[in-house]
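Enquirer: Knowing the structure of chain A, use the given hints to seat chain B on it.
There are 2 protein chains.
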Amino acid sequence: MNQRLDILKQWLKEESIAAAFINSTENVFYLTNFHTDPHERLMGLFVFPDAEPFVVVPGMEARQVKGAGWNYEVIGYSDHENPWEFIQQSINKRNIEGNTVAFEKEVVTYRRSENFLSLFNSPQILNVEDKLNEMRVVKDETELEIMRRAAKMADFGVEVGVNALKEGITEMEVLAKIEYELKKKGIREMSFSTMVLFGEKAGDPHGNPGDRTLKAGDFVLFDLGVVLEGYTSDITRTFAYKTISDKQREIYETVLKAELASLEASKPGNRIGDLDQIARDIITDAGYGDYFPHRIGHGLGINVHEFPSMSHLNNGILKEGMTYTIEPGIYVPEIGGVRIEDDVLITKDGYETLTAYPKELQIIE
Amino acid sequence: MNQRLDILKQWLKEESIAAAFINSTENVFYLTNFHTDPHERLMGLFVFPDAEPFVVVPGMEARQVKGAGWNYEVIGYSDHENPWEFIQQSINKRNIEGNTVAFEKEVVTYRRSENFLSLFNSPQILNVEDKLNEMRVVKDETELEIMRRAAKMADFGVEVGVNALKEGITEMEVLAKIEYELKKKGIREMSFSTMVLFGEKAGDPHGNPGDRTLKAGDFVLFDLGVVLEGYTSDITRTFAYKTISDKQREIYETVLKAELASLEASKPGNRIGDLDQIARDIITDAGYGDYFPHRIGHGLGINVHEFPSMSHLNNGILKEGMTYTIEPGIYVPEIGGVRIEDDVLITKDGYETLTAYPKELQIIE
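Line by line, the protein sequences give chains A and B. Sequential numbering of the first sequence, starting at 1, is according to this note's numbering. Sequential numbering of the second sequence, starting at 1001, is according to this note's numbering.
So that you can see chain A by itself, here it is in the shape it has in the complex (with noise of 0.2 Å):
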């Protein structure tokens, strides 16, 4: 941890910022390995060029920061005292100079920005997610050994789902199972609201789950992942249920070919927006190029959704130890959709899917 923060202090004073204020959940988890969900409470990290940085937290949680390793201050406040209060203390007592300051511009509220922003004299702002979004975009070892277990765990809710598949049963009571499953394996959270969709259902890429009772001729959608140990995991498969039309099949495949070229494209010093456009090339040229309606994928780590933005418009370049899903679909209203995900790590010379479940054409019987 002491290593990331040095590189954001080096950071800070190459930006010349005399103070940043690191408020989500994920970036303070990044930066101090204690991770909670504060709920309405405030929990923030401020960092200093030079002067020690200082955890603020509700004071039942002040020990647990401690318990992660946090070596520096921590201020523990409780439910009638105003955090804001110790935290110009703290910041007072550093003798911090200058006035260009830095904090998520796309995380922090108003309010809060309100807060931070009065204890200096004409600040100068500075957004912080920009140092952030880069270090993390790039995994180390340890960080992707979590992150392997987490896919693996998402390859096993995608084993239940498919077993517990049966005429008649509907699409929560399968999602139950999953996430049962899951619990009893030490699960705490999932890292979206998990999707099985059933025929007509696939069709709507952000459809919810329902009483829709599973029959033959349906395809059937899971979406899903586990939040392990402060990172997350997002699998996307679709089986056809006793019987497939032609139609289907040839969605089915024009989905798994997008895939797969979009795969082989992953690699050290490729563009990432091609990876997008080169699967919507295949899936145009099969005439379905207005049912593939999202980007090809987002990035992955501690936020299910993070950089590097997996858009065709991305001109940033791909690098070793980067995480993104690559996820492709078709959606037909009368017909239903496929969509295939995998979770991708970029390695020395090529890639890696975090995520093992098959993909190949599978109809459950």
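No incorrect hints appear here.
In silico EDC-like cross-links for lysine to aspartate or glutamate, where the CA-CA straight-line distance does not exceed 16 Å:
#, chain 1, residue 1, chain 2, residue 2
1, A, LYS105, B, GLU1040
2, B, LYS1105, A, GLU114
3, A, LYS242, A, GLU167
4, B, LYS1184, A, ASP211
5, A, LYS185, B, GLU1173
6, B, LYS1267, B, GLU1352
7, A, LYS185, B, GLU1179
8, B, LYS1105, A, GLU40
9, B, LYS1152, B, GLU1229
10, A, LYS105, B, GLU1106
11, B, LYS1009, B, GLU1052
12, A, LYS184, B, GLU1179
13, B, LYS1009, B, ASP1130
No wet-lab data here; the hints were simulated from the structure.
Expert: Relative to chain A, chain B alone:
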């Protein structure tokens, strides 16, 4: 919904606010009946004193806004488009006059405030939450009907948990059973991370369920709630497993006495802060004042934590239709903890508890 919008528009007129930007999932739901989790994508409602309001959403969800009953403009955008360009066009076409604007200061990110404010010349900023919180704090019959059902689901969750208890079972196994049974009943989301804590684990008000196995003499603490049709519930019950010491019994009876006294004080016209003080005095008189580190409760509704804050500092007055939790607790590190929590509705001349699971001391065999 239109009535709520009308009240908000009337307030905009009174405050001479030219435009309001509503960004939180919860407030957009409250005003439009459309509920979504757009993750990092922008979703927002723009309201004006006279002109037609509009909603901006990721394109894939545009038809769901209409489906929720929204009869005004909806702007959908794709991942490669900048929604703020469409917002600017839609605002320009309305010929808005004035430079006082409002948004949710406690929720809107600094970046989005920049985007919104850049649409106006030298904008003056007010907080639209001042009005929305005031509106939301009193529930109507439609809301209460949902909240009653959400509370019954929470009762059911405790029942499942109690039935699952047996020597040697882990906290996570019990938690998994509770959520499995709730999901089978159609619950897609818990209102917060479910807590099942045994023995000394229950002595930490923010403990995390894990591998701790159940044994005779443990306290068993359940804290859970569901999200149902956009509304939340939240219940805590504590049980003794097989045996109970005199000290444990004293702690339990003190918490129960404090909870009942706080409930008795729940009637229109009473000072909100008194509910905390009454419970705190009972716990302090019994010698446990240092072991009750949190406020007595929180408002409950679309958010699991909302207004009113049930702190002893709150000088607000209880009104018919308010809903909140009462949840005193005593946490003694070596012995464990007890918390008893109900969801409370202020009625015309008193209160009603929405949660109904029995709370007399039970020793589970």
